[in-house]
Structures are given as structure tokens and as C-alpha cells.
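Protein chains: 2
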Amino acid sequence: MNSGIERFSLNQQTIRQWSLPELVAGCTAAGVRYVGLWREPVRAYGLRAAARLVREAGLAVSSLCRGGFLTAADPAERIAAVDDNRAAIEEAAVLGTGTLVLVCGGLPPGSRDLSGARERIADALGELAPYAAAHGVRLAVEPLHPLFASDRSVVSTLRQALDLAERFPAERVGVVVDAYHLWWDDTVAGQLARAGRGGRIAALQLADWITPLPEGALLGRGQLGDGSVDLRWFRERADAAGYTGPVEVEIFSPALWARDGAGVLAEVLERYRTHVL
Amino acid sequence: MNSGIERFSLNQQTIRQWSLPELVAGCTAAGVRYVGLWREPVRAYGLRAAARLVREAGLAVSSLCRGGFLTAADPAERIAAVDDNRAAIEEAAVLGTGTLVLVCGGLPPGSRDLSGARERIADALGELAPYAAAHGVRLAVEPLHPLFASDRSVVSTLRQALDLAERFPAERVGVVVDAYHLWWDDTVAGQLARAGRGGRIAALQLADWITPLPEGALLGRGQLGDGSVDLRWFRERADAAGYTGPVEVEIFSPALWARDGAGVLAEVLERYRTHVL
Chain A
53 MNSGIERFSL NQQTIRQWSL PELVAGCTAA GVRYVGLWRE PVRAYGLRAA
103 ARLVREAGLA VSSLCRGGFL TAADPAERIA AVDDNRAAIE EAAVLGTGTL
153 VLVCGGLPPG SRDLSGARER IADALGELAP YAAAHGVRLA VEPLHPLFAS
203 DRSVVSTLRQ ALDLAERFPA ERVGVVVDAY HLWWDDTVAG QLARAGRGGR
253 IAALQLADWI TPLPEGALLG RGQLGDGSVD LRWFRERADA AGYTGPVEVE
303 IFSPALWARD GAGVLAEVLE RYRTHVL
Chain B
53 MNSGIERFSL NQQTIRQWSL PELVAGCTAA GVRYVGLWRE PVRAYGLRAA
103 ARLVREAGLA VSSLCRGGFL TAADPAERIA AVDDNRAAIE EAAVLGTGTL
153 VLVCGGLPPG SRDLSGARER IADALGELAP YAAAHGVRLA VEPLHPLFAS
203 DRSVVSTLRQ ALDLAERFPA ERVGVVVDAY HLWWDDTVAG QLARAGRGGR
253 IAALQLADWI TPLPEGALLG RGQLGDGSVD LRWFRERADA AGYTGPVEVE
303 IFSPALWARD GAGVLAEVLE RYRTHVL
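Top to bottom, those sequences are chains A and B.
233 is the number that the working numbering gives to position 181 of the first sequence; each next residue is one higher, with no gaps.
220 is the number that the working numbering gives to position 168 of the second sequence; each next residue is one higher, with no gaps.
The set of hints was computed from the structure by calculation and includes no laboratory data.
Every value quoted in this text rests on a predicted model; they were computed, and no experiment measured them.
Take these hints with a grain of salt, some might be off.
[Said to hold, decoys possible] Partner residues aside, some chain A positions facing chain B, computed with beta carbon under 7 Å: (1) V155; (2) P160; (3) P161; (4) G162; (5) W261; (6) G268; (7) A269; (8) L271; (9) Q275.
Glycine included, every Cβ here is placed at the ideal spot set by N, Cα and C.
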């Protein structure tokens, strides 16, 4: 029953109606070996208790979401952001994951200076990468779809993410390949190969692209197979580039959140077998 | 009073509460010399009557929106789309504009094949370009923001638009540079220079990027100066690349449509002076 899902990881936002114990029990029952966690529910449950719960169930944490938001121009805000990322690094270490996902941040209020914002991200990575390495954690820069360029991430393409990451050693800064954010880009095949050559792929995430987008655009991701993304292509290209890590399904969808969690997981696994393997 | 707005063009969608006679009267009263027109309101008024109305008021038509939607895989749909584009070319010629804006089309239902869709666009351009040239009209490929890749345009970047356009002579196929669609892309400066060198810039359009996006994303454009786009940068770069044509303001905004048209135009012109000139 469980063949083929050895690399599958369930990002907890996909079934956020589940508490952490429900997530652990549900994944264990379904034969899932990896979970992707988010800081807020982990802290609400208690960091060390969460780490113990997951570890004792035999699950591994594929990634922790999320650090980042490193584009503030205001010095006090910048210091606060770097401090918060240090805390995220520590949390990742306690949870036993080597991957901290970074959503790097949009434009500060009133700013139109994209390249300045990107440079501030690079500066912050330089400050954080040694701290992360000392904790056995790699910073994973996630390019977000260009629709989020103003408010969530001025890093919009895999090329931009690699341009940032490659300023640092590969074991310190990698990239997240999320098919939802990158599917539209006809340069992504070449950039995936580049990422693989450099050992930069820290995580592979999947969700499908469906329209119409809801207000605010964030919570409009589709179940695997329901949309426009050739998900298998991404998995195959990442594999061909040498990526052997978990394949994390991260879907933000109120339609999925309104359903029974076990039913959602069964459907996600069936779609994973059909559209990803 | 009118200095500085010699190149300004009002796309009629910006004040779509105006009828065509109101648009012509409003623009004339404000000293505006160009209008960008859409096929549907022009046909509702009557093509030849609209052409006469605009011409007799001394206005020039900067562009006609829009042809395109050339990605259908179904042969009958494809023939219908090419026929419709031939009609759009004829309408552009009657209106006296040399620029037909093409929104090239998204993925056909159920398809995930972006490159196949892009090739079908190229095929259709090959079929349409001679017909357009015979009518004194240039096809203008508009790259749309990647958020529209699945349902409106698989051409998402200026590079992709130029890759398509450059398969044909520059006087037959150009590109539309719309800051709203391209602002997030850090390769756009180089592509603007490329477009200018090749004489490919057929139109320059402006709107600002604001969030949150509304449901469906289409009608969420911002008034000039209200958002994240460095509009002056786009105008200056286009100028530096040799573009001397109209600068068209095209904002889809229910907030602007709910207001008095003359007041909107006055505000747009004031913002244009502040943020574009």
C-alpha cells in the first residue's frame, strides 16, 4: 500500500484542520514518513513537545516554514527580522530538519526599489548563514510567483534565487523549488539543472495552479492534478538534477481545509501517485 | 496647460463609464491627443461611425485592443480565432491605428503544454502577419503578468514576446511593453534595450500594481503612483531604447469606473505628470 510514497512529505498547511497530534497520527496511519511543519502551530503546541511527538512517531521533518521577510529598510525592523530568523534557525535545529524555508519579503511600504530589496536579502543571508550552519540548518530561498513580488517575495524566479544562494557555500544556502510558483517560466528547466549541478535544491514542493484566483490570491492553490502544472515534469527534472530528498505537498485551499483530514490525505496520496510518480 | 501630455494616450477601459462620444469630448476638452480603443465598444457604436467620430475630433488611435487567443489546439477553434483576428486587423485599419494589441491566449482546457501553446501562437502569427501588413497594421504581442499564464497569455515575459516577434519582420510583429505586467522582472531592462534596437516596441502601456488582488485578479490595477511600479523608469527606458510613440494609460479599476469620468481623467493626467514625465 505504501510503495511509491517513500519520499512523500505532507506539509501541515495542506491539512491545517489537523492538530499536531492528529497530523502525526494521520501520517503514521497512512504510511507517510515526512512532514513539513510551520512555526506558528509548532510553537502553539510547544517546540520541544512537538519535536518529541514527531520523532517518537518515526516521522522526519522535511522542512520548517518559514523564515525570511528580510527586505526592511528600517534598521530596527531589519534587526528584528534577523533576530526572528535566528529563532527560526534554532527551532529548525530542535525539530531535526536541515531545511529552513525563507520567504524573503516584498517591497517596504512606499518603496519601488526591487534591486535594493534584493540586496538587503543578500546582506541578511550573509549574516544568518554562518549561524544556520552552526546549527546544522541550511537556509532555503524560495522564489515565489511574481504575483507576490510586492508583498511577499521580491525573489520571483529560480534564477534570482540561485543568484542569491550562489553567493554562499551550497551547504549553507539552497533554494526551494515549488512548482506552483515556477510552472509558468520557460527558463526553469535550465535553472533546475543549474540548481542540481550546484547541489542547491533544498526542497521540492508541489501544488497545482487553478483559476480564478480568490481575493488576495494566497489561498487559491489547487489539489494535485486539478490545474495547469505538469507536476511530474518538475519531480522528474529535480530527480534528473540529482535531487533525492522529500517531495512535499503544500496546498493552501479552504476547500481542502473544510473536509475530513484523513479523506484529504488519502486523496492527496492518490493524486500524488497519479500525477507525480 | 497641456504641455507634457503630447504623448499621453487614454485607453478607453480606464474610463469605461464613458460612451465613445463622451470619451472623445472628454479627451478633447482635456487636451489629450490619443485614445486606445477596444473592439467591443467600438463595434457597439459602429466601426465606421467610431472612426469618423475620433478622426473628426482630431484624435489619433494609439492602439486597438485586442486580437489574440491563438492557442486553441482544436482545428475549428483555431480557424475561428484566426478569422476573428483578421476581422480585428480590418477594424484597426478602419480606425487608422497601426497597432493591434494581441493577448495571445492561455492553455486550452486540460492542457499543461505551455511550449506547445506558444508554438501555436507562432504559427498563427505567421498566418496573420502578412494580412496585417497588407492593411498597414502591426501585430503587437503583449506579454501578460505570469498570473495570467493559464487563462489569458502563455506569453509572460518581454523576452518570450520578443522571441516570438523576432521570427517575423519588425514592421509586421512588435511587442507591447506594459509596466503592470513586467515590473517584477529584473531582466526587463535588457529586454527593453533589445526591443528598442530591433524597432519592436509597438506600444507602451502603464498601470500601477496594488494589492490585495481582487477575486479573479483582472480588475485590480492601480491608479498611477498608488503602487509598486516605477512608472517613470519604464517610460525613460523605452525612450532610451528609441521609442517615441504614445504612452497609454490602461487601468482596470472598478474604483475609477464608479467616479465621474472627467474627474478621473484629470487625476490620471496629474498622476502622469508626477509619476511618468
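Which numbered hints fail:
Violated hints: 1, 2, 3, 4, 8, 9; rest satisfied.
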